[in-house]
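Student: Single-letter residue listing:
Number of protein chains: 2
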Amino acid sequence: MPNREIHLASRPQGWPTAENFRLVETAVPGAADGQLVVRNLVMSVDPYMRGRMNDVRSYVPPFRLDAPLDGGAVGEVVESRAAGFAPGDVVAHRLGWREYALLDAADARKVDPTLAPVNAYLSVLGMTGMTAYAGLLEVAGMRPGETVFVSAAAGAVGSLVGQIARLRGAARVVGSAGSPAKVARLRELGFDAAFDYHDAPVAESLAAAAPDGVDVYFDNVGGDHLEAAIGALRPHGRAAICGMIAQYNATEPPPGPRNLAMVIGKQLTLRGFLVLSYEHLREQFVQEMSGWLRDGRLRYDETVVDGLAQAPEAFIGLLRGENLGKMLVRL
Amino acid sequence: MPNREIHLASRPQGWPTAENFRLVETAVPGAADGQLVVRNLVMSVDPYMRGRMNDVRSYVPPFRLDAPLDGGAVGEVVESRAAGFAPGDVVAHRLGWREYALLDAADARKVDPTLAPVNAYLSVLGMTGMTAYAGLLEVAGMRPGETVFVSAAAGAVGSLVGQIARLRGAARVVGSAGSPAKVARLRELGFDAAFDYHDAPVAESLAAAAPDGVDVYFDNVGGDHLEAAIGALRPHGRAAICGMIAQYNATEPPPGPRNLAMVIGKQLTLRGFLVLSYEHLREQFVQEMSGWLRDGRLRYDETVVDGLAQAPEAFIGLLRGENLGKMLVRL
Chain G
0 MPNREIHLAS RPQGWPTAEN FRLVETAVPG AADGQLVVRN LVMSVDPYMR GRMNDVRSYV
60 PPFRLDAPLD GGAVGEVVES RAAGFAPGDV VAHRLGWREY ALLDAADARK VDPTLAPVNA
120 YLSVLGMTGM TAYAGLLEVA GMRPGETVFV SAAAGAVGSL VGQIARLRGA ARVVGSAGSP
180 AKVARLRELG FDAAFDYHDA PVAESLAAAA PDGVDVYFDN VGGDHLEAAI GALRPHGRAA
240 ICGMIAQYNA TEPPPGPRNL AMVIGKQLTL RGFLVLSYEH LREQFVQEMS GWLRDGRLRY
300 DETVVDGLAQ APEAFIGLLR GENLGKMLVR L
Chain Z
0 MPNREIHLAS RPQGWPTAEN FRLVETAVPG AADGQLVVRN LVMSVDPYMR GRMNDVRSYV
60 PPFRLDAPLD GGAVGEVVES RAAGFAPGDV VAHRLGWREY ALLDAADARK VDPTLAPVNA
120 YLSVLGMTGM TAYAGLLEVA GMRPGETVFV SAAAGAVGSL VGQIARLRGA ARVVGSAGSP
180 AKVARLRELG FDAAFDYHDA PVAESLAAAA PDGVDVYFDN VGGDHLEAAI GALRPHGRAA
240 ICGMIAQYNA TEPPPGPRNL AMVIGKQLTL RGFLVLSYEH LREQFVQEMS GWLRDGRLRY
300 DETVVDGLAQ APEAFIGLLR GENLGKMLVR L
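Chains as they are written, first to last, in numbering that gives the first Met the number 0: chain G, 0 to 330; chain Z, 0 to 330.
Bound conformation, chain G alone (with noise of 0.2 Å):
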């Protein structure tokens, strides 16, 4: 039966294009002890995957060139040779960017589609929703009454971080979006302030949405965002950094911010996290936030395209901000 995977042709210099990427014909490979093979129902693209396209060492080794990219996925098991999983089941796992995936199972978490769609299991309840709620709550440890800051708030991570801060009990939650129609989203979804970041400066936007300033800032863009909001952090204030897209398909390296002394008279605390560090958290998470949805008081929006052949067109739009909220190719 025929298999089709994404290849990495080749390595982005600057911003990808479709020339780097490469559809393959393959087959569906056989299981064998201990492993699964799962038809791929929804794959995710994520910012985080540029950074695996160059040959740099990082804390996940690059693709490799002419093999299939991988990422979040969500699939329905149609051969199993290991105990616990049978065919039909859904499960949630790493290897996307292909129709068949052959998994060793334990490497395949089942997830439960009827009580929420697949789509969730990557977006609001997967990777995505993990790590807006321990970024916000663990990495910058917001309490109840701060004014919290999100960058690219529009975006997967960055919607979910706005609407925990506000069910969590922030007291003001501010933020940027790339389009006028995202920051009025923004506002449906309950951010007291919401700006386009092309409209002003961010700090003179950032300084008329907060005027007292912020406690935490969750930073998906890096850039003059980060400046802008070392520049509004309060005393004590914290910054959970947790991407920088602004400066993903950078060839040269960008300078950092030209504040950033700021951190000592202020005693900010700026820390870099990556969600896989939180699995701790998982049940906490899971409970809270499919309560919230139960409640109707979580919403999440997402651009879904079709085919895996679209796949690259889907992630090099998700760099360029074309999608509201989480970005999936439908299989």
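None of these hints come from the bench; they were simulated from the model. Incorrect hints may have been included.
Because identical chains share one entry, a pair is satisfied inside a single copy or across any pair of copies.
Straight-line distance between alpha carbons at most 20 Å, and here's what the computed EDC-like set of lysine to aspartate or glutamate pairs gives [unchecked claim]:
hint, residue 1, residue 2
1, 109, 78
2, 109, 203
3, 109, 312
4, 265, 54
5, 109, 282
6, 265, 32
7, 265, 278
8, 109, 69
9, 109, 32
10, 109, 54
Using the hints provided, position chain Z relative to the given structure of chain G.
Tutor: Showing chain Z alone in chain G's frame:
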């Protein structure tokens, strides 16, 4: 009785010069109820004072023009109208830059000149020592077995950071300094490796001195030292940001580290701090540090300049790195 004090005559643009200071003759004041008159014996000059010479609101108000500077000092009470203080008592306080100081008794702290030389209460047992102790152990949370890098390591704070790290069980302590003599002194003080930052790019020297990376960076310098440290920090590494002397005299805001995005993948924490937030550690600090001093396990250097009139030059020399250890002015 005549008094003399140093006023701020004008705000420095870039590097301070002698013209920014003025020696002013006044009269020794009399004490009101609850006050002391103190004859200062020794005063401190510190890098943070440069920031207060700018007309910028910060965690402490800027120095006023045509008014005396202030800062750490130790002196002898010559008149007391406060319970618990008598002429002859030696006190540490915050009104340096003058021969005689009029103090509220609440702002004076009695020190024991038989336990340690009075100078020590401005260095190893004073704010300088507390900065090193709190920054290394509490802000950066150094644990036994870790590798520590400290910049300006022959300075008052840095030389203590390195020694405290050794005494608290660091596996390896690396320091940078600005002259061969300072580097030699670091080796005498027990640093495992030390380099002159003029000899090569800091990142190269640091990689050679700590080939397996570092867990903790104590930053007194900023600039290329911070960038090199971010590059060398291991996963979950922490930087305590104490000062950025490299840029205190900059007239343009300097760009931040170009590799700041590394805080994400390595899950680094950069934390600025002010020693005034760590008063809760004072008892433990005094006990542990004076024990090490008594046992001869902790050494400290001083560069002492004579006479109030020399205080501006001492301060400018400090910014140029002309000191070994703590820079003090004997009055």
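Student: Hints first: check each against the structure and report whether it holds.
Tutor: Hints, one by one, checked against the model:
1. 109 <-> 78: within (14 Å within a copy, 79 Å between copies)
2. 109 <-> 203: neither (47 Å within a copy, 48 Å between copies)
3. 109 <-> 312: neither (29 Å within a copy, 71 Å between copies)
4. 265 <-> 54: between (37 Å within a copy, 17 Å between copies)
5. 109 <-> 282: Within one copy only: 14 Å inside, 54 Å across.
6. 265 <-> 32: neither (57 Å within a copy, 36 Å between copies)
7. 265 <-> 278: The answer is between: 17 Å across copies meets 20 Å, while 31 Å in one copy does not.
8. 109 <-> 69: Classified as within: same-chain Cα gap 19 Å, cross-chain 66 Å, threshold 20 Å.
9. 109 <-> 32: This pair counts as within: shortest intra-copy Cα distance 18 Å, inter-copy 76 Å.
10. 109 <-> 54: neither (33 Å within a copy, 61 Å between copies)
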